[in-house]
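Asker: Sequence:
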Amino acid sequence: MTDQSRIRNFCIIAHIDHGKSTLADRLLELTGTVDKRNMKAQILDSMDLEREKGITIKLAPARMMYQDHVLNLIDTPGHVDFTYEVSRSLAAVEGAILLVDATQGVQAQTIGNLYLAMEENLEIIPVLNKIDLPAADVDARAAELMQLIGCAREEILCVSGKTGAGVMELLDAIVARIPPPTGDAVVPVRALIFDSFYDDYRGVMAYVRVVDGALKKRQKVTMIATRADLELLEVGAVTPNGLIASDTLATGQIGYVVTGLKEIGGCRVGDTITTGSGGHALPGYKEVKPMVYAGIFPREGDDFHKLREAMERLKLNDSALIYEPEHSPAIGYGFRCGLLGMLHLEILKERLEREFNITLVVTVPSVAYELLLRSGETRVIKSPLELPDPSHIELIREPWVKLDLVSPSEYIGPIMSLLQERRGVYQTTEYLSGARAILHYEIPLSMVIVDFYDKLKSVTAGYASMNYEVIGYRVADVVRMDMLVAEEPVDAFATLVYRDEAEKTGRRMATILKDSIPKENFVIKIQAAVGGKIVASERISAMRKDVTAGLYGGDVTRKRKLLEKQKKGKAKMAALGKGRVSIPTEAYLKVLKRE
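Residues are numbered in this note's numbering as their position in the sequence shown, beginning at 1, plus a constant of 1457.
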């Protein structure tokens, strides 16, 4: 059994693409945890989706041995949508490697993740990565790090995750600088669950950090929050070579437990495992509040039960996902899902389609609005369809975020114009060394969630990075806009828009629908309406069939008669065809994008 003083628990935090997973590969290789012949790039990224997109989506723990010390590493994601994964990892460790790409320098999520680590009072080891690249500017980047965290130049380590240069010195620094865990081995067990997933054969499994006491195989334990009682079927260490079972998970260790629970709700991330008479709950990481809401529906109505089961499984593995059943007259039964951002929505959709083989339709994402009603009641709505009659509403508030943008100084002008278009409110500018600036803005969340990141990248030639956090709700002048197809409202297209942008948004949506809906034998009207007023409209002309093709000369009245008959037929079909216009799934997905 390892003495606590020989345990080091740490994670790697960085901006997206700064080389966390590659550095983790080198640490695993140089400590001999993974044989050279079994080594592959991004070994801790186990999902196909992570490998294809080249990003980390799920945190991944791994245990290594180095100089008689046990090193427990947690590799974390970098993208702003997965900040909750980072916050969970930080709650389970004592130290963090703050990794910065020596070619790009400090980026927005470097700062965001650093603040999360500081809140947990972690020991931070600043590291510059990718020093083997010709574009690496070690001195300028070191100056940025010194300015950011107030450290001395000699505290900053320089490594290359690709070639392995400097990684042995980093391992020595982890042993020397990161404090060992300080749990009490003789009190009743307390362990924090920081991730969980479902195994078809063994039920719910959880990744845990043992804070006090020890977890043993066949031990009877209780979950403090869910009050579930269970017997641990297995405990052990997580390594890149798989799960290695042991009899005990000692104080201060990170590992896995097999709960045997078949009920997914019994094991929650952030919960504390304790023995029957056990102590108080550990402070779990902060509760995640979803920011973006979207409807997810199966393309085939029969797949609804399959989708429900898939959502339950993913919820266990993705604690930021919140969902409730929803019915849409246009698309049938599905779920209204609460998510952290657009990448989160995209990953959820891809995982459902790949892992559970369900074809999906996703509706327009929206943010949650807070209503103050005339009756004095406050209500939160997640969908435009929940908006009550305007005469009952005193005011509507929308979520605002604090936005930090890091960019080379020459792009400040284009960034400011983009933010002005998006209703951003300027706060301050800070300058980092090396002609780079951090712009601080406050902006409505609805202006950031859909395509803001793409636009930011295009106006800054790909150099800018962003990070945001919600700061509260502010009054917004928004109205509900309905889309009518063949004079029938389609609920799935209802959106909340700013009053002064209703006409522009209505025109854009009407044009998208005009291009996406196939022609019928009658004219289809597409209209955008706010209240009873039509603010934009388009027409899809009827399919033309030449009814006079069989005529060969003769009186013009015969031709007129046939055209008149066709006209009446079309009018009758238009009257009968209301609500029968088939709207292809592509139309729903096109409306999802802002442009």
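Simulated from the structure, these hints should not be mistaken for lab results. Among these hints, one or two may not hold up.
Calculated cross-link-like contacts (lysine-lysine; reagent style DSSO-like; alpha-carbon spacing at most 27 Å) [claimed, not checked]: (1) K1990 - K1971; (2) K2002 - K2024; (3) K2029 - K1961; (4) K1971 - K2027.
Just the calculated beta-carbon pair ranges, DEER-fashion [as the list claims (entries may be wrong)]: (5) G1988 - E2021: 36 to 42 Å; (6) L1487 - T1885: 38 to 44 Å; (7) S1462 - T1683: 54 to 60 Å; (8) P1591 - R1684: 56 to 62 Å.
Beta carbons: idealized from backbone N, C-alpha and C, even for Gly.
Asker: If a hint holds in the structure, say so; if it does not, say that too.
Answerer: The hints, checked one at a time:
At roughly 20 Å between alpha-carbon atoms, K1990 and K1971 fall within 27 Å of each other, so this suggested pair holds. About 11 Å separates the Cα atoms of K2002 and K2024, which keeps this hinted pair within 27 Å; it holds. The hinted pair formed by K2029 and K1961 fails the criterion: a straight-line CA distance of about 33 Å is larger than 27 Å. Distance check on the hinted pair: K1971 and K2027 sit about 19 Å apart at the alpha-carbon level, within 27 Å; holds.
The hinted range of 36 to 42 Å is satisfied by G1988 and E2021, whose Cβ atoms lie roughly 38 Å apart. Range check, L1487 to T1885: Cβ separation about 43 Å, and the 38 to 44 Å hint holds. In this structure, S1462 and T1683 break the distance hint of 54 to 60 Å, their C-beta atoms being roughly 34 Å apart. About 59 Å separates the C-beta atoms of P1591 and R1684, a value consistent with the hinted range of 56 to 62 Å.
In this structure, the hints that do not hold are numbers 3, 7, in rising order.
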